[in-house]
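Chemist: Fit chain to chain and form the complex, with the hints in mind.
Protein sequences appear in the order of chains A and B.
Just so you know, we're using our numbering here: the first sequence kicks off at 1 and counts up by one.
Just so you know, we're using our numbering here: the second sequence kicks off at 1 and counts up by one.
Accuracy of the hints is not assured; some may be wrong.
[Stated by the list, open to error] Chain B regions said to be covered by chain A (calculated; three or more residues, Cβ under 8 angstroms):
1. 66-75
2. 119-130
3. 161-175
[What the hints assert, rightly or not] Sample of chain B residues at the chain A side, in silico, Cβ under 8 angstroms:
4. A22
5. F26
6. M29
7. E32
8. A37
9. V38
10. A57
11. P133
12. I150
13. V211
14. T214
15. E258
16. I260
By construction, these hints were calculated from the structure, which means they are not laboratory data.
Ideal placement from N, C-alpha and C gives every residue a C-beta, glycine not left out.
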Amino acid sequence: MGPFGYLFVWFTLLLALCLQVMPLPDAWLVWRPDWLGVLLAYWCVVTPQRVGVLHGFVLGLMLDLIEGAPLGQNALVLSLLAYLFLLLYQRFRVYSIWQQAVLVFILLGIAQLVEQWLRTIFGPVSVSLEFLLPALIGSLLWPWLYTMMQVVRRRLGIG
Amino acid sequence: MRPIKPLFSYGPIPTYRMLLCAVLAFGLMFAEHRFSAVETARSHMTSVVAPIQWLVALPSEGVRWSAMAISDQQTLIDENGRLREQLLTLSNRVQRMASLTAENIHLRELLNAPNPADVPYITAQLLSLDSDPFTQQMVINRGRRDSVYIGQPVMDASGLIGQVVSVSAYTSRVLMVADANHAVPVEINRNGLRFIAQGTGQLDTLNVPSVPATADIREGDLLVTSGLGGRFPQGYPVARVDNVKRESSQAFMEVSAEPISQPERSRYFLLLFPPEKPDESLSGPERMARQVVWPGDPGHPDVNRISEDALTAALTLQSEEQE
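Isolated chain B, as found in the complex (with noise of 0.2 angstroms):
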């Protein structure tokens, strides 16, 4: 005999499993917070949705990948002769830079000070912009294969980008310089008052906190990383003061600025090496010679090498100073 169909049906009771849900949940959360393991297991499980990364990024990609295969041969020549024309005017930069760099080293040597070493880099691409409204984040494609590490500078054509946060074997997530979370210490490059560009939230604001009611602040001035902290290289264009608000009763003034970086326009990146800190136990000019030699970029076989120029030169500096 058929049981019969009960008129309503009872599934099973869900509150343990909501429970334990809710203490698991609770418990990755504290975890991600404390320990620095759950973020290798984490960089681990997030190779397991990259499937899903690359797919959602297909439809985009069809676009512009079919916006080209089907734009005019007009269209592309007028690309082409503006590219040309780019090309022409940063070469004849890229020329009075050489000079310039040449005559920056001379007179460095001059005052026997370390000359600092051109960064290097490897360029990544955009997959996607962040699905979620609150945070301002994106994903590249390069991971833990090309040494992409948690916290490395990021670039665009026009400024700083913004630092990643956390690495898989095959992508990296990058927090935005304008995320609510992000940081980034800063100097005028006009005078070299140093201050910490905090992000908004807005993809165009940041906000310059604790600037004294004194400071010589301007609306239009550029500010570049100023290398403190050890995390970003120093010089970069972060942003441009948009708004300075003085009020003479306030000890601060209200200080913001705009992002040079334009993410939502760049589809390329770069992802800087700058030179590793000094080791902490190395003392006076072997430390000072560490920093100017190519440590950064783990591909050069040279890491730990100390160059000999640097080197004499940081020992003369020292000697003179104890004389």
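So here's chain A without its partners, still in its complex pose (with noise of 0.2 angstroms):
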């Protein structure tokens, strides 16, 4: 992958980023789908080499500055992320495309999981299981965004 690829994968991760902290009304904020997750967790299954947990981190960072989090929760639970999809992207790659969302399902319930824990540290928040819609939501996206992207990826010659 060439400069050119490095600053499409940046360019992809900062349009997820926007979208992930778009003003919506309040009633749709929990069926947003984790924007930055899904599109963090594509680029570590397909360039594990150059997309890891570093860029899960300096993404995470950049979402709590937006989002007024404590520093370093949201950095946290990305990095987490980036490193869990590490570990399995090789096992990842062989299985079929909505075994493959069926797993993201998990992998981003996990890191929501821990988002929620991080937040019950820091002081009192409505418990529900509410928070598992993004997880779900951007699993179910999964198939279509990938098929999407690597269309897209081929286009551009970036590998």
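Modeler: Shown next, in the form of structure tokens:
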């Protein structure tokens, strides 16, 4: 992957960050897919040599700054997510696309669970199972997102 | 000879990096909890992501702008008429207010009590509501450049919205009264009973804990800031009591209240500059006098000037007490 490819990686990740923090009506917030998590997972699976834990950390730090979360909370969660995908990417590549979606759900769910734990450490929060919704919707989007990104990547000759 | 590309490529071992990141993240979280220096560092770093905040606020701004651009003449005429009516009602109220204020000042002078000064303010506009469903926060377009400070009270047209919790150069973040981490000292407007109103995490409910079963509190009571704690100025509406559950066997009642402010509808807010908390080292009359002048407003030239009238009033009060 050349410098252009690497730029493209950051472009998509920052785009995902924008989608992640885009203002929405209050009732829709819990239905927002975990854009950043899904995109990070994609790049970790496709180019594990270039994209990894540190990318998750930097993006998480930016998310913390924008969301006003305790500094390091999302950084930890996203670097953990990248780590899990780096551990599993070889197995992941041989799965069928729907099996992949299930695995994405499980790993995103673990990341969201860790995030909820961190939240409860730092103060009172209203706890409900709704926090799994972004992971569920993110994993349902996975097959389409994966296929689309593969096509775009081949078109641009990044690999 | 070209090397044979391996069938399974092995990436770098990520475990060490993961450990490094975890240590860094926990270090940051701990440091932010304990040291105020991180707060300053954070406010500088937030200026770096400010472009993203502006960028994501663009679509909703665009929708609002285009809605205005294509709204037809009739709608504008209607709106204009409605605003004129509102203006008339409000100016009527202001006139009554002026005479009441004058009367109030007069009565206070008779009692030799210092007059509370007007609280200076600046206006602010909403940049984005929080994108996180588990906290109630928002970002506004005023920052350190407009001398916004952490802990500053924020109002909308109808009541208290919350307080500033972090400030960057051009934007700042407001914690709303309904957030589960927020509490504000309040009193009942009707009889001055003092309580604490706590956020619950739901935008439309506040919780009022530790209300004795014998307290005189009813549904419909207006809760206003009591000014105790020194963070919020006194007398701004916060919430209206909407549910009082009395059980004869319990020592305390369950009371909930609905916030007066409408954060989901307002776009414009007021940032108040309440008078500074007087210096603890000052004693008696001078301390009292400092409370009633301008101090809160950093732009005002007479920040540290003491008003003669207030000083005289306070001195008289003290000499009377001694006799």
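Chemist: Now look at each hint and say whether the structure bears it out.
Modeler: Here is how each hint holds up against the structure:
Under the rule that three or more residues need a Cβ within less than 8 angstroms of chain A, the assignment of the segment 66-75 of chain B is violated, with 0 such residues. Only residues whose C-beta sits within less than 8 angstroms of a C-beta in chain A count toward coverage, and the segment 119-130 of chain B has 3 of them, enough to reach three; the restraint holds. Proximity of the segment 161-175 of chain B to chain A, defined as three or more residues with a beta carbon under 8 angstroms from a beta carbon of that chain, is established by the 3 residues found. Because the beta carbon of A22 (chain B) sits about 6 angstroms from the nearest beta carbon in chain A, less than 8 angstroms, this interface hint is met.
This hint holds: F26 (chain B) has a C-beta 7 angstroms from the nearest C-beta of chain A, less than the 8 angstroms allowed. Hint status for M29 (chain B) relative to chain A: holds, with the closest Cβ pair at about 4 angstroms, below 8 angstroms. This hint holds: E32 (chain B) has a C-beta 5 angstroms from the nearest C-beta of chain A, less than the 8 angstroms allowed. Hint status for A37 (chain B) relative to chain A: violated, with the closest Cβ pair at about 12 angstroms, above 8 angstroms.
Given hint, V38 (chain B) at the interface with chain A, holds; its Cβ is 7 angstroms from that chain's nearest Cβ, closer than 8 angstroms. A hinted interface residue such as A57 (chain B) counts as satisfied when its beta carbon comes closer than 8 angstroms to some beta carbon of chain A; here the least separation is about 7 angstroms, so the hint holds. About 4 angstroms separates the beta-carbon of P133 (chain B) from the nearest beta-carbon of chain A, less than 8 angstroms, and the hint is met. Against a cut-off of 8 angstroms between C-beta atoms, the interface hint on I150 (chain B) is violated, since the closest Cβ of chain A lies about 12 angstroms away.
Against a cut-off of 8 angstroms between C-beta atoms, the interface hint on V211 (chain B) is violated, since the closest Cβ of chain A lies about 20 angstroms away. The closest approach between the C-beta of T214 (chain B) and any C-beta of chain A is roughly 28 angstroms, which is over the 8 angstroms cut-off, so the hint fails. Because the beta carbon of E258 (chain B) sits about 16 angstroms from the nearest beta carbon in chain A, more than 8 angstroms, this interface hint is broken. Interface restraint check for I260 (chain B): the shortest CB-CB distance to chain A comes to about 18 angstroms, outside 8 angstroms, so the restraint is violated.
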